[in-house]
Structure formats: structure tokens, C-alpha cells
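**Student:** Read in order, the letters of the sequence shown correspond to residues -7 to 363 in the working numbering.
The set of hints was computed from the structure by calculation and includes no laboratory data.
Among these hints, one or two may not hold up.
Claimed, not checked - Under the rule of at most 25 Å between Cα atoms (straight-line distance), these lysine to any residue pairs were calculated in the SDA-like manner:
1) K137 / N10
2) K328 / L217
3) K89 / H32
4) K146 / D105
5) K62 / Y38
6) K255 / N188
7) K59 / A41
8) K(-4) / F363
9) K(-4) / E47
10) K226 / S316
11) K237 / G142
None of the values given here were measured: they were computed from a predicted structure.
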Amino acid sequence: MSEKHLHIISFDVPYPANYGGVIDVFYKIKALHVQGIKIHLHCFEYGRAEARVLESLCEKVHYYKRKMSKTYLFNKLPFVAVTRSSEKLVENLLRDKYPVLFEGLHCCFHLDDVRLKDRIKIVRSHNIEHEYYYSLERVERSVFKKMYFGMEGKKLERFEKIYQHASYIVAISAADTAALASRYKNVHHITAFHPNEEVKIKEGKGDFCLYHGNLEVGENNEAALFLVNEVFSKIKVPLIIAGKKPSAMLIEAAAKHKHIQIKANINTQEIDELIRNAQINVLPTFQATGIKLKLLAALFNGRHCVVNTPMVSNTGLENLCLISDDAQEMAALIEKQFASTFNMSEKQKREQVLLEAFSNTSGAKKMISLF
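With the hints as constraints, model all of the structure from the sequences given.
**Tutor:** Put into C-alpha cells, the structure is as follows:
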């Protein structure tokens, strides 16, 4: 069988795999590598170091400096896309005729380049990006950032039409697949790639609840504040909030309650330990976009999982979680489950769903079938 090669254009250096977007990219690379695909990786670099581990998974790794000048804020194209343009990248793509995978709308600046018109071009959609930016605008408290998210959302909504130049669009969730299929041809659903290969749930009981996420992101800050102010302020169940860069408002709110603790800027291994040791992973969101990788981490590795509807809607994971959309009802549910030992027969139920629908091997084979 002849070798299969693939160019992947990544919006960031995808290692360490310690936040949503790069987790999908890194574990996709890993799964494709296991299937024998020769990967030519192109990374836009803007703060994360070059990663030697990528060289062991790829034929070649190219790095390009992202153009971070604020003058691009006034460009008619989205800042996230125009700052990820590179003539050197196009030159490298033109050295062969291999298919190209564009990781997200962020990386699509060159998707309609006439020099690539005869190539197989696949776009991985991580979100309906303009909807994501509009939701960030809604929860943002900084006037400047609010204005930026709103303007960027409008630009992304217009820019999305560039998808018509893709051979295939690969959406990360069923809801996103349906939305994109209403506007474009050749839309496929391949779920998120992730680090979990088996369901590993600790027996026994934990003595705290956990919320985790990048707290610098507006939607995560909003969810954490909701848990502190609306849920855990009403009960005495211990809560740990873990993640990067908590806001001053969140730190101040948590400090009012002795049973609420913030663990800021801890590493991925520490987060994983907290997920495994928690009695309940509590994961509300007010933004139903894509699929939340932290939910998969909690279901593969944690005990009870309490969420709200937007976290699980159209994911196929609804029956694996305890769902509440009311703060008072969620507080009562948490108190009940905190006293309840996790039934290990539920582990088998999770395995049936997770290992079938969220298999990296299956996802890689679906991706390969496109090129």
C-alpha cells in the first residue's frame, strides 16, 4: 500500500496539549500517526515553545511567527485569521500535492488561494466561530474586549463563506454538523480527539466537588461565578475551582466562603488528579458550542458528573450525566450525590457510549477516508 501524506496547519503549537483546541489537534496527530499517516505539520507560534515531541509524530514540523501587530485589528478580515497568514507556509505546501487539513476557521486565510485550487482541502471546524465570539461578547466585562469580540464575531460570520473552497468540512459536534450542512456541501461529523483511551474511575468517595477550565476565558469565569454565587453559597459542600488566571472578581467571590477554594495555574497532571479524586465534577456552561473536552475528561476519569443542558445538548452524553438547569435544584442534587457512593456499574454504561462514539482510532479512520 502506498504511503499517505497529510499537511496539517495548526493555529498554535499543539504541545503541551493543555487546552481545548490543541488537545483535539495533538491527539488527532497522534491517532493519524498510529494509522501510518505521514504528517507535515505547520504551526503558528506566538508564545508556546517549539516541541520536540511533535517531531517523533510527524515527518516534518514547520513553525511560523504569528503576526501579532494591533494594526490587524482594523483589517476587514478577522484578526484571528489575518494574523495567521504566511507566504512561506504556501511555498511549503506547494512543494508537493498532498492533501491539506486546516485546523479551524482561524487557519483558513489561504484556503481560497488559487495556487491550492487542485488540492484536497479539509477544514476541521472546532466551533461555529462567530456564535462562539458573540457568546464571549455577552459575558465579557472589559469594554475593550467586549467591543473586540463583537467586531470579530461579525468578521468571522462574513469570513466563514471561505468554507465553500474546502473539499470537506469536518465538524466536531452533531449540532455544528447540522448548522454547517445547511450552508455548505460535504460536511462530515468527526467528534473531538482526546487523551482518554479507557474509562478509569476510582472506587470509593471523594471529599470535594470540582469545577475546572481556563478561567481566563469569559464563559468559564461566568460558570465559576455562577457556582460560587448561586449554588455553593447555599450549601456547605466543599468546592475546588481549578484553572488558569482566575479573575479578581472570582477570587473575591470565593474568598467569602471557607468551603470554596481556588487552585490557580496548576498543571495538567494536577487537574487530572483532581478530576479522579473529586466526588462530583460540576460542569455548567452557558455556551452550547462544539463539544467540551473537559466533559469528556470528567466522564472518562471522574465519578458523578453534574451539568446543565447546554453542556450536553446534542452530544450523545446526556444519559451519562446528572442534569439541572436551576441553581437551587443543582445545589440539592449536589448535596444528594455528595453523600452517594458512585455505582461502579455506571462505569460499564460509560464504556459502551464513550469507547464507541468517542474513539480516536475510529475518528482517525474517518478522517483518512476523506483523503
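**Student:** Give me the numbers of the hints this structure contradicts, sorted from smallest to largest.
**Tutor:** No hint contradicted; all consistent.
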